[in-house]
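K.L.:
Note that the protein sequences, when read in sequence, are chains W and H. The letter at position 244 of the first sequence is residue 244 when you use the numbering used here, and the numbering goes up by one with no holes. The letter at position 190 of the second sequence is residue 476 when you use the numbering used here, and the numbering goes up by one with no holes.
Please keep in mind that the hints were generated in silico from the structure rather than gathered at the bench. The hints are all genuine.
Now the stretches of chain H that chain W is said to cover, found in silico as 3 or more residues with beta-carbon under 8 Å:
id, stretch
1, 469-482
2, 546-555
Simulated DEER-style distance windows between Cβ atoms:
id, chain 1, residue 1, chain 2, residue 2, range
3, H, Y301, W, S12, 48 to 58 Å
4, H, S470, W, G122, 36 to 46 Å
5, W, R263, H, A433, 34 to 44 Å
6, H, L491, W, P272, 17 to 27 Å
Which residues of chain H face chain W? A partial, calculated answer using Cβ under 8 Å:
id, residue
7, S336
8, C526
9, F530
Backbone N, C-alpha and C define an ideal beta-carbon position, used for all residues, glycine too.
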Amino acid sequence: MTDMLLNVTGLSAVSDREGGLPVLRDVSLSLKKGEVRGLVGESGAGKSTIAKAILGILPRTVRVTGGWINFKNRDLLAMKPQELRSIMGSEIALIPQDPQTALNPGRRIGAQLADGLRLKRGLSARAAEARALQLLADVQIRDPDRVMASFPHQLSGGMRQRVLIAAAFAVDPELVVADEPTTALDVTVQKEILRLIRRMQEAHGTGVLFVTHDLGIVAQICDSVTLLYAGKVIEEGPVRSVLENPQHAYTRALIAAGPRYDRPDAGLEPVPEEIFHALRQEIGIR
Amino acid sequence: MDRNLLVATGIEVTYGKRAGLFGGHTPTPVLHGVDIRIGRGQTIGIVGESGSGKTTLGRALLRLVDVSAGNITFDGEDITHIPENEMRPLRRRMQMIFQDPMASLNPRHTIRRILTGPLLLHGIAGDTAEALARVKAVLDRVSLPTACLDRYPHELSGGQRQRIGIARAVLMEPDFVLADEIVSGLDVSTQAQALKLLKELSRELGLAMAFISHDLSVIRAICDHVYVLQLGRIVEQGPCEQVFAAPSAAYTRALLDAIPLPEYDPGWLERKTEA
Numbered sequence: 001m002t003d004m005l006l007n008v009t010g011l012s013a014v015s016d017r018e019g020g021l022p023v024l025r026d027v028s029l030s031l032k033k034g035e036v037r038g039l040v041g042e043s044g045a046g047k048s049t050i051a052k053a054i055l056g057i058l059p060r061t062v063r064v065t066g067g068w069i070n071f072k073n074r075d076l077l078a079m080k081p082q083e084l085r086s087i088m089g090s091e092i093a094l095i096p097q098d099p100q101t102a103l104n105p106g107r108r109i110g111a112q113l114a115d116g117l118r119l120k121r122g123l124s125a126r127a128a129e130a131r132a133l134q135l136l137a138d139v140q141i142r143d144p145d146r147v148m149a150s151f152p153h154q155l156s157g158g159m160r161q162r163v164l165i166a167a168a169f170a171v172d173p174e175l176v177v178a179d180e181p182t183t184a185l186d187v188t189v190q191k192e193i194l195r196l197i198r199r200m201q202e203a204h205g206t207g208v209l210f211v212t213h214d215l216g217i218v219a220q221i222c223d224s225v226t227l228l229y230a231g232k233v234i235e236e237g238p239v240r241s242v243l244e245n246p247q248h249a250y251t252r253a254l255i256a257a258g259p260r261y262d263r264p265d266a267g268l269e270p271v272p273e274e275i276f277h278a279l280r281q282e283i284g285i286r
Numbered sequence: 287m288d289r290n291l292l293v294a295t296g297i298e299v300t301y302g303k304r305a306g307l308f309g310g311h312t313p314t315p316v317l318h319g320v321d322i323r324i325g326r327g328q329t330i331g332i333v334g335e336s337g338s339g340k341t342t343l344g345r346a347l348l349r350l351v352d353v354s355a356g357n358i359t360f361d362g363e364d365i366t367h368i369p370e371n372e373m374r375p376l377r378r379r380m381q382m383i384f385q386d387p388m389a390s391l392n393p394r395h396t397i398r399r400i401l402t403g404p405l406l407l408h409g410i411a412g413d414t415a416e417a418l419a420r421v422k423a424v425l426d427r428v429s430l431p432t433a434c435l436d437r438y439p440h441e442l443s444g445g446q447r448q449r450i451g452i453a454r455a456v457l458m459e460p461d462f463v464l465a466d467e468i469v470s471g472l473d474v475s476t477q478a479q480a481l482k483l484l485k486e487l488s489r490e491l492g493l494a495m496a497f498i499s500h501d502l503s504v505i506r507a508i509c510d511h512v513y514v515l516q517l518g519r520i521v522e523q524g525p526c527e528q529v530f531a532a533p534s535a536a537y538t539r540a541l542l543d544a545i546p547l548p549e550y551d552p553g554w555l556e557r558k559t560e561a
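Using the sequences and the hints given, assemble the complete structure.
P.N.:
Following this line, the structure appears as structure tokens:
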């Protein structure tokens, strides 16, 4: 079991805002070193809640009622805040959804990257700046000097996302949580960003938990996948077998519901109501 | 009768042209001579990435922005420069479904008021009872319960609100509907519901539609004909069967190759198509 990086076991949580409604129901998933796992589901499925629980940033209204999150055999849920702080941003990093709000609008990119390196890696100001420049080159930014001196609003969305990928991998983390990192981007830019994440992940041997609602993205970037509905794991396994041989009727219907440019008749059949009905019964939602 | 319902020729739109009090802005051209033809009952797709000018084009077709060159005819009538009072009777026949139904439905009005109001205003229904009867029939068609009538927009789900937006448009018995990115925020299943409904409605009612999207897969599901817009120019157009089977523009190929399909394709990520 030495190559196991993350083990979520029986994780359950309720939302106090919605009168104790369960938002995670006995969720288990695992991630090996260097594995990319897709966490997929429609809105409200709980994929972001799992990501937030791992990062220790659950909103106050969500309460964990059971389970463990073992990261390298240490339970993140049982850790003291200062222990968590030493892990987050060094062993575990985040690539956020919205590159607009994740960067400080009032500071230059170079300074923001260097801050993190000084704080988390203990580099001197000069060494941090040199390292930041190298990191920007690593994420294939052609003109790293200009980007270092830029404010976030002077960069395109794709460029800002590259900067955040650089920042995530800057600390050489073992686990990266990517929370729908391409939703705000055009498709051609999205493909570049997906390619970059995969390359960085391979180069660093990082485990990635990739949160998305897009089964196409899962197919193209992930090794394994966990599909959720209403906070419950519906299906999980290697990407290829789940897509080519889905075991659950909901998985099959969800794949069939998506439009495809290579099939004129795809994208017009919603998941049948009977399947949702059966799902709710199976999960125990009245 | 002309086969074409809406014809736009050589459309140019420039933003920031008027000099303001403090000197104004440099004019920014966003459309450079765009030609579009929409047949009666035909659904066309307009696809492009952000900044391509697709939303501006849609607005120009409905005369919601002024064109700086080119002309637009609707049902044989040149509407390029007609004043708003002459435009108004045509507005009923040219409806729009918006991207964000929450922003386009008055939050203080019940669904009943949102849907019956325009029917009475445009004189489509003679009285409240008739308006309500029409609304109930359309609600049934879009699979929403009559109980929705006494709800406010925020009490409905995203998919339900989108169906209210569709119901509102078709209630006006339009000839043409413009739908701008109306499924982009929806879950896959809800999206399929909306697409299926629109496709059926356009056939049943003989509606012409312009469907604006950044997603070629969505266009494929619902359109007969597609226009590919890049930086304010049409770089390719044609029947969907043709464009999707054998795209001729490098940009169209790049857009298609960038869409991840839910199937095992180990070479996809590293495959590069230059636009």
